[in-house]
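So you can see what is in the structure, the chains are spelled out below.
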Amino acid sequence: MTLLIQDEYPKKLLRDDGKRLDGRGKTDLRPIKMEVDVIKNADGSAYIEWGNNKIYASVYGPREVHPHHLAKPDRGILRVFYRMATFSVFERKRPAPGRREKEISMVISECLEPVLFLELYPGTSFEIFIEVVDADGGTRCASTTVAALALADAGIPMRSLVTSCAVGKIEGQLITDLSGIEDKAGESDMPCAISWFNDEISLLQFDGKMNRAELDESLNMVRNAMEKIYEMQLDTLKQKYIQIQEQNEG
Amino acid sequence: MMDIKRVISTIEKNYIKNNLKKEERIDGRGLWDYRDFNIKTNTIASAEGSSEVTLGDTKIITGIKYEIGEPFPDLPNKGVCTIMAELLPLASPLFERGPPDEESIELARVVDRGIRHADCIQAEKLCIKEEKCVYILFVDMYVINHGGNMIDCGSVSALSALISSHIPEGKWMENGPEWTGEYITGKDIIKDLPLAITFGKIDNILFLDPSLPEELVSEGRITMSVTEDEITSIQKSGAATYTLDEIKMLGEKSFEIAEKLRKELNFWQYSTNKK
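Residue numbers (the working numbering), protein chains in the order written: chain W, 1 to 250; chain G, 1 to 275.
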């Protein structure tokens, strides 16, 4: 029990001027900051600040599989562990992983698997550890985006990057990139991810209500948003090599 | 990219040992020097206090959360503070998934004892109504990168997170606790500044703040938590043994080093003024 009760959900999620509570237009993203190579011990790592979300991801692999019976003789395996810190949410989260964390780990893993060449690494595992240290809506999208960056940072062969973002509906209006409050008080939420090598959707969940036309429109909206985020991912990776080059020349 | 294994190559081991004999460290430090501390506080919006501390390559994020609950029957007017540490498998190939292992429990307990026995937290200020209602503070430390000496990094991290904390102030009303609209801040609850000071031992040579390669070579370490004038906890771990004179010498060194560190880090600058 805490003393404060989380503010009652606001009745209105759109202001009179049509903007959202945080001042964004309907298709605006929250500010996003990405960085790679942030955890020295890892084979690859990345960090993302997406609005108030703060997430670390690190990649280890290819390495030996523990426990051994999970190893596959003809291919490598990918395992994703999405976790939230106890202090990342309003009410302290219990330290042990819950059902939600396990489900999100699974959908992220399934969405990243198609871009890897697992068949080239029989008997090994790739492990991605994701730690959400501060959460404010859309952590699974931010986690997927940052995990793809960490894989690329590890130099693991990939068919392409993966990018993720959500669309949803508040007060009957479609919006991109839901914040925590919009996610909880809004009418629907649809996280998506795209693998760029085949231009196909590799993560898709939805809850809420919408009609056929809205589905078409939201898919277009989310694709536009993901294109913007993809550019940021590429820039972040390039930036790392530019820095290395500058260091060597300097 | 650094390749860390449980074992360290003989050649690196000898290199570290031979350098130490000449009173030199592989990273260029003197025997009694810390690596650089870097502290950021209130980085986590969802927490009631937080810090992000790096010590060389070691990085720990600590967050404070609170709950309201009943006090222990034998301490009816005192709040409760629990310290937890998680060695995230993200931070090092040496860490495994699963429930807390010995190493993370030791980290949490050593930091906890250092803080608890120093009367660092004034637990009676965390009481809303005697025998009925007190605060339970959770200080949760997450190791993001393991570069050696997690205990000292954790102790600075826990302390700076506590100092940066801002907990809604409760008042006992007829049917339970209610928020007064004010906050209890770190300044109100923290009295002393206990610091954990850790020494490594390799071949009878003692040195401050072992880095990860040094930790892998060393036979053991000893941690002393000190306030301005008292030792509040000691933890010897590993197979190394110490002469009485060595322990006395380390005791004295701890005070000296802690005083310097307290000045350098200037902890009170991290207190918040949220009212």
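I should point out that these hints are in silico values taken from the structure, not numbers from a laboratory.
Note that the Cβ used here is the ideal one computed from N, Cα and C, for glycine as well.
Just so you know, not all the hints are guaranteed correct.
In silico BS3-like cross-links for lysine-lysine, where the CA-CA straight-line distance does not exceed 25 Å [to be verified]:
#1 Lys33/W <-> Lys209/W
#2 Lys12/W <-> Lys33/W
#3 Lys171/G <-> Lys78/G
#4 Lys33/W <-> Lys184/W
#5 Lys228/W <-> Lys11/W
#6 Lys260/G <-> Lys187/G
#7 Lys72/W <-> Lys240/W
#8 Lys40/G <-> Lys33/W
#9 Lys78/G <-> Lys40/W
#10 Lys40/G <-> Lys40/W
#11 Lys236/G <-> Lys248/G
#12 Lys240/W <-> Lys236/G
Here are some chain G residues the structure puts well away from chain W; computed CB gaps all over 10 Å [said to hold, decoys possible]:
#13 Glu24
#14 Arg29
#15 Glu86
#16 Leu90
#17 Phe138
#18 Asp140
#19 Asn145
#20 Asn204
#21 Asp229
#22 Leu265
Each hint tested on the structure:
A C-alpha spacing of about 32 Å is found between Lys33/W and Lys209/W, which places the hinted pair above 25 Å, so the restraint is violated. Between Lys12/W and Lys33/W the CA atoms are separated by roughly 29 Å; this puts the pair beyond 25 Å, and the hint is violated. For a cut-off of 25 Å, the pair hint linking Lys171/G to Lys78/G stands: about 15 Å separates their Cα positions. Restraint check: the Cα-Cα separation between Lys33/W and Lys184/W comes to about 24 Å, which is no more than 25 Å; the hinted pair holds.
The hinted pair formed by Lys228/W and Lys11/W fails the criterion: a straight-line CA distance of about 31 Å is larger than 25 Å. Taking the CA atoms of Lys260/G and Lys187/G, the gap is near 21 Å; set against the 25 Å cutoff, the hint holds. For the suggested pair Lys72/W and Lys240/W, the alpha carbons sit about 34 Å apart, so the restraint of at most 25 Å is broken. Using a Cα cut-off of 25 Å, the hinted pair Lys40/G and Lys33/W holds, with the two alpha carbons roughly 18 Å apart.
A C-alpha spacing of about 42 Å is found between Lys78/G and Lys40/W, which places the hinted pair above 25 Å, so the restraint is violated. Among the hinted pairs, Lys40/G with Lys40/W is consistent with the structure: their alpha-carbon atoms are about 19 Å apart, no more than 25 Å. Of the supplied pair hints, the one linking Lys236/G and Lys248/G holds, its CA atoms being roughly 14 Å apart against a limit of 25 Å. Pair hint Lys240/W plus Lys236/G does not hold up; C-alpha atoms about 42 Å apart against a cutoff of 25 Å.
Every C-beta of chain W lies more than 10 Å from that of Glu24/G, the closest at about 23 Å, which supports listing it as non-interface. For Arg29/G, the requirement that its beta carbon stay farther than 10 Å from each beta carbon of chain W is met, with the minimum near 18 Å. Look at Glu86/G: its CB is around 7 Å from the nearest CB on chain W, not clear of 10 Å, so calling it non-interface is violated. Chain W draws Leu90/G into its interface by the beta-carbon criterion, the shortest separation being 4 Å against a cut-off of 10 Å.
With a closest Cβ-Cβ approach of about 6 Å to chain W, Phe138/G is found to fall inside the 10 Å limit, against its non-interface label. In this structure Asp140/G is not separated from chain W by more than 10 Å, as the shortest Cβ-Cβ distance comes to only about 5 Å. Annotated as non-interface, Asn145/G brings its C-beta within 10 Å of a C-beta of chain W; the closest such distance is 5 Å. Listed as outside the interface, Asn204/G is consistent with that label: its C-beta sits roughly 30 Å from the nearest C-beta of chain W, beyond the 10 Å cut-off.
With a closest Cβ-Cβ approach of about 33 Å to chain W, Asp229/G is found to remain outside the 10 Å limit, as its non-interface label requires. Every beta carbon of chain W lies more than 10 Å from that of Leu265/G, the smallest distance being close to 22 Å; the non-interface claim holds.
Hints 1, 2, 5, 7, 9, 12, 15, 16, 17, 18 and 19 from the earlier list are contradicted by this structure; the remaining hints agree with it.
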